[in-house]
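Protein chains in written order, with this note's numbering: chain A, 8 to 60; chain B, 5 to 253; chain C, 8 to 211; chain D, 2 to 233.
Hints listed in this document are in silico derivations from the structure and should not be mistaken for laboratory results. Treat the hints with care, since some could be wrong.
What the hints assert, rightly or not - Listed below are the simulated SDA-like cross-link pairs for lysine to any residue, each with C-alpha atoms no more than 25 Å apart in a straight line:
(1) C:Lys11 with D:Pro10
(2) A:Lys43 with B:Ser249
(3) B:Lys159 with D:Pro10
(4) C:Lys132 with C:Asn168
(5) B:Lys91 with C:His106
(6) C:Lys77 with D:Pro31
(7) A:Lys43 with B:Pro102
(8) B:Lys159 with C:Pro74
(9) D:Lys29 with C:Arg79
(10) A:Lys43 with B:Thr157
(11) C:Lys77 with C:Val102
(12) A:Lys54 with A:Arg39
(13) A:Lys43 with B:Ile84
(14) C:Lys132 with D:Ala215
(15) B:Lys91 with A:Leu26
(16) D:Lys29 with C:Asp98
(17) C:Lys132 with D:Asn232
(18) C:Lys11 with C:Gly22
(19) D:Lys29 with C:Lys11
(20) A:Lys54 with B:Ile84
(21) B:Lys159 with C:Lys132
(22) A:Lys54 with B:Ser249
(23) A:Lys54 with C:Glu23
(24) A:Lys43 with B:Gly152
(25) B:Lys91 with D:Pro10
(26) B:Lys159 with C:Asn168
(27) D:Lys29 with D:Phe40
(28) A:Lys43 with B:Phe25
(29) C:Lys11 with C:Gly66
(30) C:Lys11 with C:Ser115
(31) C:Lys77 with B:Met90
(32) A:Lys54 with B:Arg239
(33) C:Lys77 with B:Ile84
(34) B:Lys91 with D:Tyr222
(35) D:Lys29 with C:Ser115
(36) B:Lys159 with C:Ile201
(37) C:Lys132 with C:Arg79
All figures in this text were calculated on a predicted structure; none of them were measured in a lab.
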Amino acid sequence: MENLAMGNYGVYVWSCFGLTLAVIVFSDWRARLRHKRVYREIEVRIKALEERQ
Amino acid sequence: MWKFFHRLASPPHFYRLAAVFAPWFALPALVLIAYGVYAGLFLAPMDYQQGDAFRIIYVHVPSAYLSIMAYMIMAISGGIGLIWRMKLAHAVAAAAAPLGAAFTFLALVTGSIWGRPMWGTWWEWGDPRLTSELILLFLYFGYMALRGAIDDTAKADKASAVLALVGVVNVVIVHYSVEWWSSLHQGQTLLKEGGPAMDPGMLYPLLAMILGFTFLFGSLLLRRVRTEVLFRERRTRWVREMILSPEGS
Amino acid sequence: MTAKLSADDLTLIRGERCLFEGLGFALNSGELLLLEGRNGCGKTSLMRAIAGMLSLETGQVLWNDVPVLKQRQTFHGELVWLAHRTGLKGDLNMVENLHFEESLRPQSGRDREAVYARLGIERLKRLPLRSLSAGQQRRVALARMLLADVPLWLLDEPFTNLDREGRKLVMELAEEHLAAGGLCVMAAHQDVDINGPVTKIQMQ
Amino acid sequence: MSDSGPQIPGIFSGLWATARRDLLLAWKRPGDVLNPLFFFAMVCTLFPLAIGPSPEQLEFIGPGVLWVAALLSTLLSLNSLFLGDFEDGSLDQLLVSPQPLPVLALGKTLAHWLTSGLPLVLVSPILAVTYRMPASVVPVMMLTLLLGTISLSLLGSIGAALTVGLHRGTALLSLLILPLAMPVLLLGANTVSLAAGNDIYTTGVWALGAYAIASLSLAPYATAAALRISNE
Chain A
8 MENLAMGNYG VYVWSCFGLT LAVIVFSDWR ARLRHKRVYR EIEVRIKALE
58 ERQ
Chain B
5 MWKFFHRLAS PPHFYRLAAV FAPWFALPAL VLIAYGVYAG LFLAPMDYQQ
55 GDAFRIIYVH VPSAYLSIMA YMIMAISGGI GLIWRMKLAH AVAAAAAPLG
105 AAFTFLALVT GSIWGRPMWG TWWEWGDPRL TSELILLFLY FGYMALRGAI
155 DDTAKADKAS AVLALVGVVN VVIVHYSVEW WSSLHQGQTL LKEGGPAMDP
205 GMLYPLLAMI LGFTFLFGSL LLRRVRTEVL FRERRTRWVR EMILSPEGS
Chain C
8 MTAKLSADDL TLIRGERCLF EGLGFALNSG ELLLLEGRNG CGKTSLMRAI
58 AGMLSLETGQ VLWNDVPVLK QRQTFHGELV WLAHRTGLKG DLNMVENLHF
108 EESLRPQSGR DREAVYARLG IERLKRLPLR SLSAGQQRRV ALARMLLADV
158 PLWLLDEPFT NLDREGRKLV MELAEEHLAA GGLCVMAAHQ DVDINGPVTK
208 IQMQ
Chain D
2 MSDSGPQIPG IFSGLWATAR RDLLLAWKRP GDVLNPLFFF AMVCTLFPLA
52 IGPSPEQLEF IGPGVLWVAA LLSTLLSLNS LFLGDFEDGS LDQLLVSPQP
102 LPVLALGKTL AHWLTSGLPL VLVSPILAVT YRMPASVVPV MMLTLLLGTI
152 SLSLLGSIGA ALTVGLHRGT ALLSLLILPL AMPVLLLGAN TVSLAAGNDI
202 YTTGVWALGA YAIASLSLAP YATAAALRIS NE
């Protein structure tokens, strides 16, 4: 427990590490989401074109 | 060699390769960062001046370093795209911008959180690094705003490449001018340049973190470039064939 | 002196739209290239591409068999472009506007007063262009074209804002230019009646 | 047509012609020159009103305020640098002229500086006096403004060229140019402050001079490239 408290600086140190993790995960999640959306859009458009022919 | 680059630059080839390579970046990133975080938080000795608060450098320094590197990547690939009309290079530049901005933001916030116990304030204008970092963030905002404002992708690519190249010259000038400015008004900074040599117990985790963040950045960038390539090539035959093929992707 | 303007396999994609694909032509001294088609079909874009202002997807434009992008300044020194927007300053008068152009481009040394008189603008010299009618402004743009000493004329919808007499005048001027060994690229959505060798490109 | 081929006028002819034409236009529309100057004066008025008329404080913030006001007023005038040419088609004509485009862009930027930067430098002593700037510091301030506004005009021409023809161009232009202009502001204002505090200020002047020379030799190329891209 003493280690985690970081000699009274725990709040600062842990918030920094936590925030870094959060930003990286969020950014990666957004990137995955965008990839899926782009892929889906193209898929829908191409399938629609295919069916019309 | 040339042939290899040429093939790499072809969008369908890159699209497939990026999917294969992304885990090869993610894996070392994970290992290095796991070691760095553990060693940095628990094994590294305490700094005699800053106490445990110094452990913030294990996320601050890699972020700050990536913020600069991402801008360089953006400018260099923008330049390559302008000169050799390589479309993949523009896709890399477009993908690097939001990532670079995210790491700049991280460097700023972690620096500011460190400043709270050290300076007793959340923001200290006297610190040259934080100030330069803030200007860098504005440069990223400008770059992304310009990209967002131009509808035609090809035009947006070229215009923002010019801006990034102008910006990269400016980053250097910002660095030195801010340094000069803060030397007029004393300031303490998170990482002292040319200060006493770091204890190896402190240094190795930091190096591991820097290397780990670089790999992480590589893997994040690959994924984004992949999306960018897919979007830009949405009207081409290879995308059509890939989507219609039974295994998909 | 003979000159040659040619192009092959020009493809231009703007955003999602392909304006033209695999387009080619060859034009020699004394010939007219006529771009036909309704408005918004890419005539102006083709004109801009010929002038070296657009980056093409494929193909290149050649001037005397050298790509124009490799000799941009030389090429630009041998053309005038009469664009849809005249490129003249409304706040300046005719003489000031033409004087500016003189400092940029080789001049033919034709008698200026005669050119003004022929275009019917000799009385407008000291008026700011803003106060002239659209047709008169176009005539000033024509004067700029006539005073330059260049073999290649790029005329984008030269008949806009002109009356019947003005249209006839433009056709006469073009004929004279061709007869003197000049080249002319003209985009028009109206009927053009010009004597001389004409190549037509019908654009969709 | 002569056999030797027609003579293209030299580059100084092109430089001078573009500068002359823009100066002539500014002469016919004095508002375009005066408005940024009024803006400059007004921003300088805002600070005493907001902070209070205490002489020590005004003397202390004077250099910074004058420099920020100069930067903002330059920014205000930059938006119209290529806009008029873009709208009436003369930008197209410049792009197909046989003159090197960087030279023409430099000519336009020169005219912009003569009609926005230079008047600002000339007016600044009046405002400096209201901020109780010592007479010995005023020449230093004018020198920094002179060098600084040259750099700002040149940097600004890149931004103006990148944003010409875009909707929402004005706000975007500020967003692009302000971070680029920050070193100039920082060098300029701090040099004046140093001079006011009787410190050695030559480093700042040299740095500003170097910045001006560097932007003079590089910015026209970037502006030209940006103009071609924007006008595609």
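For this structure, which hints from the list above don't hold up? Violated hints: 3, 5, 6, 9, 11, 13, 14, 15, 17, 18, 19, 20, 21, 25, 26, 35, 36 and 37; rest satisfied.
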